[in-house]
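Novice: In case you want the letters, here they are:
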Amino acid sequence: MKDTILSLQAVSKKINDKEIIKDIDFSIQRGEVLGFLGPNGAGKSTTLRMIVGLSRPTSGEIIVSGHSIQKDYVKAMSKVGAIIEGPDLYDYMTGYKNLEMLGAMSSNVTVKDIMSAVELVGMEHRIHDKVGTYSMGMKQRLGLAQALIHQPELLVLDEPTNGLDPQGIYEFREIIKNLATEKNISVLVSSHLIAEVQLMCDNVSIINQGEIIKNANVHELLSTGEVFWVVDRQEEACDFLNERYHIQGKCVDNRIEAVVDVSKLEVINASLIHAGFKLQYISAKNKTLEELFLSLTNQQGIM
Amino acid sequence: MRVGELMHALIRNEVLKILLKKKMVLILTLLILFISLFSYGQKYVYEQNLSRLEASTSSAGYDWKSLAKQQIGDLERRLNSPYIDEEGINSINIEIEQLNYFIENDINPVTPTAARFTVEFIDQAIIMFIPLLIIILAADIVSGELSNRTIKVLLTRAIPRWKILFSKLMALMIMSTLVVLLVAIISTLISGMFFGRWGFNEPVTTGFRLVNGSLNSSYVRTVSRVSYMILVYSLTWFVSVVIASITLMISVLVQNTASAIGIVMSTLIGGQFLQFFLSDWVLVKYFFVSNLSLTKYLTGNYQQIEGMSLIFSVIVLGVWAAVSLAVGFYVFLKKDILV
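Which chain is which? The protein sequence lines are A and X, in order. Take the first sequence: its letters are residues 0 to 302, numbered as in numbering that gives the first Met the number 0. Take the second sequence: its letters are residues 0 to 338, numbered as in numbering that gives the first Met the number 0.
Don't read these hints as lab results, they were simulated from the structure. The reader is advised that the hints may include incorrect statements.
What the hints assert, rightly or not - Simulated pairs of lysine-lysine, PhoX-like, Cα-Cα distance not exceeding 20 Å: (1) Lys13/A to Lys333/X; (2) Lys70/A to Lys334/X; (3) Lys162/X to Lys70/A; (4) Lys96/A to Lys74/A; (5) Lys334/X to Lys129/A; (6) Lys111/A to Lys182/A; (7) Lys17/A to Lys22/X; (8) Lys74/A to Lys21/X; (9) Lys334/X to Lys13/A; (10) Lys78/A to Lys182/A; (11) Lys78/A to Lys162/X; (12) Lys70/A to Lys333/X; (13) Lys17/A to Lys333/X; (14) Lys21/X to Lys96/A; (15) Lys21/X to Lys129/A; (16) Lys162/X to Lys334/X; (17) Lys20/X to Lys96/A; (18) Lys96/A to Lys22/X.
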């Protein structure tokens, strides 16, 4: 069943006559985790702010669960939970009071809803302490609970793992994945870290200078087909690969780089070893974000 | 029904925020401190006058009429001072006329009582101290959410923005009302403890009018202290609401609480200077700060600038509040939250 939870249609945003977001389109299906990837200043945060109602598009339309955010704000927003740039909550209240207060702002949020959100993010033990005493990781959990108490269909997370330690990042990621698979919540998560997006998301939209430059499946996008081998007798190995598989290898530093069909790697490696090369290391290279951008912007230039 | 419940919840949230920030503790402390100081001061001055009277008349008896007459004598001596200017002479003459009226009509204006202190305190406090308390309440109502960045969780709820700001306004109104009530209660209690006299049933004269620089007592009415107090505190409440509205607008316009407090406070202080130095300038009387002394109109010997009256000031303040709220709501609705 294809069920679009969020769609942006030709959305633009001008601030002080400067076009920050240029005519972007993308959509998220139910239960999909979409990574929103881009360097700092690309317009990620601006776009997310428009989706959660903190900012208004200059033109275009944003539709959440069938409700236009401009025309039917309340209905659209009742389906959205968000953490935008850090989980900023009221320091002088307990975590529970925060949730209770924010819960009262939505229709029919019960104490049970609040407690189940608290349990989901694993904050049962500290929920009655003041938020001012929380660590960054706990604040982030509370931030997530805050975004979930009203049972949204769309979760918008802006750089959610900033400031978390590796353990915290791992746990946060697991919670998000579970929400998508078990509760069928759609998640839009922005990041400038490709590794994070890779681990969390199904699909990715890449934004640069206010434009979406690519919508794609994460794994397809990242696999470059570029492989490198570290072997002894580089030149010979290069010739060997060329003769046997017509691979145009290049010797760079201590390694051979080439573009191959990744699915054939196992056979190639076996034959390399069979031919007596001492194979130290092989890696199918994923693109770094920088390279991805460069390649994408180049592509655009040609098209 | 549902709508009313939601608004109720929103207002409760906002009141809760103000309470949990412990602002009322600060306000209460300030009130108790200042009122104790002023009460003590007034008691001290009164006792000094009394002992002077006893020394000069060498009678230990207590008689407010002689005390009032002594005050008239003091004032007349000041009239003969060569350094006094035209305005000074006028206001002293008015004071003397009033005292004479009190003596003739057997109304005791001298002995300090709790009820009188509570009103006189407001005469002084309404231009600066009361606005200050309201600023403490109101300055961070929006700017605080911006600088703590909590505005993001507040505005990503399924609630139109005007309702959020409206709930904040209502919370301010509730808390301002509470502050005004507290001022009345605390000043009555503390000064009552100092003076030992409550004086709720004493008559008060109101309605003196200035006609060509001299006092006209033909409009004078006598009311009880309690009803006079209610009148004075209603005017104080009105001033508080106006200050709250103006502060709310400033709080929407600026990015942090310090700026909001700075702007409103400097406007208040600057406004006092303005009416002191530029009282001839016709625009000054349309400035809200020049119109805050509503209670002084009641005694009649007050006219800051030609053409100002109680009605005039109430209208000017009302317009300022309405415009501030309109600007505040407009900006809040249009604002892109970028924190």
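Novice: Can you name, in rising order, the numbers of the hints this structure does not satisfy?
Specialist: 4, 5, 7 and 8
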